[in-house]
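J.: Got chain F sorted already, so can you dock chain U onto it with the hints?
Given next are the chains, with one letter for each unit.
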Amino acid sequence: MRRVFGLMTLRVACCAPWAKRAGGAGCEYPGRVGDLPPDLERILAQLHDELGGIRPETLSAAYLAALAEIEQLPCNQDGQDKSWVVESQQRWLDTIKNSRLVG
Amino acid sequence: MTIQNDLLRSLGGLGVRFVTIGVWGVNLYARDVSFAFVTQDLDLFLPRDPENLLLAWKACEEVGLELRAGTEPLDEPHDLFVAQAVVQRTALTRATDGRGFLVDLTLVMAGFEFDEVWAERRVFQVHGLDVPVARLTHIARSKAEAGRPKDRLFLATHKEMLADLIRRHEGP
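Chains as they are written, first to last, in the numbering used here: chain F, 10 to 112; chain U, 7 to 178.
Don't read these hints as lab results, they were simulated from the structure.
Hints are all accurate, no fakes.
Each computed EDC-like pair below joins lysine to aspartate or glutamate, with the alpha-carbon atoms no more than 16 Å apart: (1) U:K165 <-> F:E78; (2) F:K91 <-> U:D136; (3) U:K165 <-> U:E176.
The following block holds chain F by itself, in its conformation from the complex:
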């Protein structure tokens, strides 16, 4: 099942609460899509405290330049149709939802 989801699932399942977890059959974390596994949540909270709470991160010039380049793409100008983004999100979420019905 995980192979079906591919890299996107790998990325979102391992990384973050803002990205959604694909809970396949037998998933231990049947909570809200996007929740981190409790153990990872605890470890992150612990690290956060140990490192002194909020630590602003400095973004590299290269990363900021990459973002600026993306902003300048023709597809990212005012009035561009982004319906496909929302539609693809919905398809992903439907896939995740359906995957939970298996088993």
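T.: Using the frame of chain F, we list chain U on its own:
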């Protein structure tokens, strides 16, 4: 038609001033699906204006979302008095359909004031609706400023996604 579309239509119809931020906003800049994150959460950054906030609440309720403050339902009635109290505390209100869809109505975006973000927003179209979105750079810089573990994780993942592009800007 999804509840997101209904909400965006309702927000637009009521003339609510907001910009989309967070991962949902980042996704709108994706070149293709491989550059998008899967998310159900919609983060809306609003000015510290009680009347505007009240309209945002109304838009949420029009499409059947329940309003919450923290873990509790938002105080009733949802009127200007409550909106003023929320603005005074720059508190977050959250709207949910109870089935996983969350809308965060935030009055704070780390490192930025609303007017600054609003002035440089993009306005994209989603199913014929205008969707104001913060600049991608603003969203990333705000996450860097916030510096929470989840923000740092986002940035790390995003940098990984854009690795080729970043390398080009790093030069030889």
